[in-house]
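*Asks:* The whole structure should be built from the sequences, with the hints applied where relevant.
Taken in sequence, the protein lines are chains G and S. Read in order, the letters of the first sequence correspond to residues 1 to 205 in our numbering. Read in order, the letters of the second sequence correspond to residues 206 to 600 in our numbering.
Hints were generated in silico from the structure; no laboratory data involved. Check each hint, because a few of them may be wrong.
Straight line, CA to CA, 25 Å or less: simulated SDA-like cross-link-like pairs of lysine to any residue [unchecked claim]:
1. G/K63 - S/Q304
2. S/K277 - G/K177
3. S/K277 - G/K34
4. G/K203 - S/V258
5. S/K277 - G/P65
6. G/K203 - S/Q304
7. G/K63 - S/G295
8. S/K282 - S/V272
9. G/K63 - S/P276
10. G/K63 - S/D355
11. S/K434 - S/R552
12. S/K281 - G/A64
13. G/K203 - S/R270
14. G/K177 - S/E318
15. G/K63 - S/Q301
16. G/K63 - S/F298
17. G/K177 - S/L322
18. G/K177 - S/H336
19. G/K203 - S/H336
20. S/K277 - G/D77
21. S/K531 - S/Y516
22. G/K177 - S/H326
23. G/K63 - S/A307
24. G/K203 - S/G392
25. G/K63 - G/S49
26. G/K203 - S/G260
27. S/K277 - G/M83
28. G/K203 - S/P276
29. S/K277 - S/L322
30. G/K63 - S/Y324
The residues making up each chain are set out below.
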Amino acid sequence: MTRRSPDLPLAATVLALSIGAGLAVGKAMQSNPKRPHDSAPGRTARRSSFGGYQVVGRTVTIKAPRSRIYEMWRNPDHLTDFMEGLAAVQVNGNDVTWVIDTPDGHLSIETRLVEDRRDEALAWRSVEGAEVEIEAKVQLRDAPAGRGTEVEAHIAWRPRAGIVGQWAARLRGTDPKIRGKQDLKRLKMLLETGEIATSANRKAD
Amino acid sequence: MRALTWHGKHDVRVDTVPDPEIVNPRDAIIEVTATAICGSDLHLYDGVIPGLVPGDILGHEFMGRVVETGPKSTLKKGDRVVVPFTISCGACFFCQQQQFSACDNSNPVEKQEASELLYGHPMSGLFGYSHMTGGYPGGQAEYVRVPFSDVGPIVVPDGVSDEQVLFLSDILPTGWMAAENADIQDGDTVAVWGCGPVGLFAIQSALLMGAHQVIAIDHYPGRLDLARKLGAKVIDYTQTHVLEALMEMTGGIGPDAVIDAVGMESHGFAPDRIMDALKQKVGIGADNVHALRMALMAVRKGGRVSIPGVYGGLADKFPIGALMEKGLQIRTGQTHVQKYTRQLLHRILEGEIDTTFLISHRLSLEDAPTGYRNFHGNQDEWTKVVLTPGAARGT
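*Replies:* Have a look at this one:
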């Protein structure tokens, strides 16, 4: 597989981002082929090309067992507790619709749960005809020395050709990278402290 | 409620603002009985710490009575508490190592971006400080919302006065940690730059920890006098060549440990300091590190450097060569207040530590702007200001 291919299938991209293949992505994206591959995840490369897809990701260590974190991601009722701007999550079997608040109203993204390994990984992929082609994946691994769980989440997306007003633009400058990172940190706060920190002096603020 | 609010450089006012309420389950609301103006509030007053918003309530040294508790607070209504200025969850990796000022979970996520950019990592939330540390409304007010009230506040008995325990909120633990960071050994000379409240408490702590001698450096006669009364030898840098004097007072060796309790707004007429102050004034991002340069030059080979003084940005002309070639060790950081409150309260109750000597002025909260002006402008006489909400205004 080559990183330069503009038609690289999303599934392959996301697969390549998983832990095992992370090195392969790192390799493929090395700008200088003469240099040996380093150990960093592909998305941290100085020059990256994911075949037209935007890829963002972040790892956060949470002092909680994998099973508890898996449960937070698997249960749609919990997702709106820590994901900013997520109005609702509708689940019907493996079909999952994410309803996102935008300045123009709700944006619905229909996805399917394509990977579900208990206490290890979850991945969702947009269905045919969805406004945005997107895949999101969460991976859980034990942190060293009893420090909890390393939670790695990443999202790869590409606006579907022909659709005006791509979803990222509809979010009006909310950088998905920052949004994703902040969601992970909120999840961490919720699991480690039972609440999400705020400096607001009143509930309505 | 009434609260001291920041509106810009050298512009603080007492305004009427909405009362706080319980927002999160672990919160408590404190009715403030005593609060103080801290030296680091003067950095905010001077506008050299980024990230303040007009209307912010200042103050991070406060104590009072619990008037309301969230469902997961362990405090009881009526408890008398001193509140650490660091807001810490008690559960994260850092809190578990007692590195409370590095708490992962107290700085709201949307406030973490700036300090992540500037420092690489966000730090804990702090009361009444920059929005980089959460922008939490502070304690120079009638009421304060205290998050994680099951972790931070320490309950104090009724037999002890506010003034005896108020400084457990910041400057006493800060002075104590500064001395602890100096890793004092038998026979040590410890040199302390700055005889403000933190410097004075560092002097007191270093002597309690068994330092052979403590040498205090400042230029305010009033503050040097307080240092002398605590048992320190003193150097007035307007009268004496500091580096030469420190060598002569330590048998030609230099101080074993040095403490920079000055931070980013040092005084004096050294050329490097004037350049720094100029750069600070025009806002090109350099901190004034004169005191730290002096300390690094003065400390003996292989010595220890403790930095409780506040810095916020970047340093020019930093003597990295002296640091490396002399093999120095540096320890610093915002104070891990919760680590020290219990043992220091014990020492206060046992009569080992007195903190009241520091207080030069007692004002109503309503007169807080006067307190800021004088604490800033007349540091020789105004060593520490304690404010009381609800007290009658002075004339």
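*Asks:* Against each hint, give a clear statement of whether it holds in the structure.
*Replies:* Taking the hints in turn, this is what the structure says about them:
Only pairs whose Cα atoms come within 25 Å are accepted, and G/K63 paired with S/Q304 is accepted, the gap being roughly 16 Å. With a CA separation close to 33 Å, the supplied pair S/K277 and G/K177 exceeds the 25 Å bound. Taking the CA atoms of S/K277 and G/K34, the gap is near 58 Å; set against the 25 Å cutoff, the hint is violated. Simply put, G/K203 and S/V258 have alpha-carbon atoms about 20 Å apart, close enough for the 25 Å limit, and the pair holds.
Under the criterion of a C-alpha separation no larger than 25 Å, the hint pairing S/K277 with G/P65 is consistent with the structure, at around 23 Å. For the hint pairing G/K203 with S/Q304, the CA-to-CA distance comes to about 29 Å; that exceeds 25 Å, so the pair is violated. About 12 Å separates the Cα atoms of G/K63 and S/G295, which keeps this hinted pair within 25 Å; it holds. For a cut-off of 25 Å, the pair hint linking S/K282 to S/V272 stands: about 5 Å separates their Cα positions.
For the given pair, G/K63 sits about 23 Å from S/P276 by alpha-carbon distance, which is consistent with the 25 Å threshold. With a CA separation close to 19 Å, the supplied pair G/K63 and S/D355 stays within the 25 Å bound. With a C-alpha separation of about 19 Å, the suggested pairing of S/K434 with S/R552 holds against the 25 Å cut-off. Restraint check for S/K281 and G/A64: not satisfied, since their Cα atoms lie roughly 29 Å apart, outside the 25 Å limit.
Taking the CA atoms of G/K203 and S/R270, the gap is near 22 Å; set against the 25 Å cutoff, the hint holds. Between G/K177 and S/E318, the direct Cα distance comes to roughly 12 Å. Compliance with the 25 Å bound is thereby established for this hinted pair. In summary, the hint linking G/K63 to S/Q301 is supported, as the alpha carbons are separated by about 11 Å, within the 25 Å threshold. Under the criterion of a C-alpha separation no larger than 25 Å, the hint pairing G/K63 with S/F298 is consistent with the structure, at around 7 Å.
For the given pair, G/K177 sits about 14 Å from S/L322 by alpha-carbon distance, which is consistent with the 25 Å threshold. With a C-alpha separation of about 21 Å, the suggested pair G/K177 and S/H336 falls inside the 25 Å cut-off, and the hint holds. Simply put, G/K203 and S/H336 have alpha-carbon atoms about 19 Å apart, close enough for the 25 Å limit, and the pair holds. Restraint check for S/K277 and G/D77: satisfied, since their Cα atoms lie roughly 22 Å apart, inside the 25 Å limit.
Restraint check for S/K531 and S/Y516: the C-alpha separation of about 23 Å stays at or below 25 Å, so the hint holds. For the given pair, G/K177 sits about 16 Å from S/H326 by alpha-carbon distance, which is consistent with the 25 Å threshold. In summary, the hint linking G/K63 to S/A307 is supported, as the alpha carbons are separated by about 15 Å, within the 25 Å threshold. About 55 Å separates the Cα atoms of G/K203 and S/G392, which puts this hinted pair outside 25 Å; it is violated.
For the suggested pair G/K63 and G/S49, the alpha carbons sit about 34 Å apart, so the restraint of at most 25 Å is broken. Between G/K203 and S/G260 the alpha-carbon distance is near 18 Å, which keeps this suggested pair within the 25 Å criterion. The hinted pair formed by S/K277 and G/M83 meets the criterion: a straight-line CA distance of about 23 Å does not exceed 25 Å. Between the alpha carbons of G/K203 and S/P276 the distance comes to roughly 15 Å, so the proposed pair stays at or under 25 Å and holds.
The hinted pair formed by S/K277 and S/L322 fails the criterion: a straight-line CA distance of about 34 Å is larger than 25 Å. Restraint check for G/K63 and S/Y324: satisfied, since their Cα atoms lie roughly 23 Å apart, inside the 25 Å limit.
When the structure is compared with the earlier hints, violations turn up for hints 2, 3, 6, 12, 24, 25, 29 and for no others.
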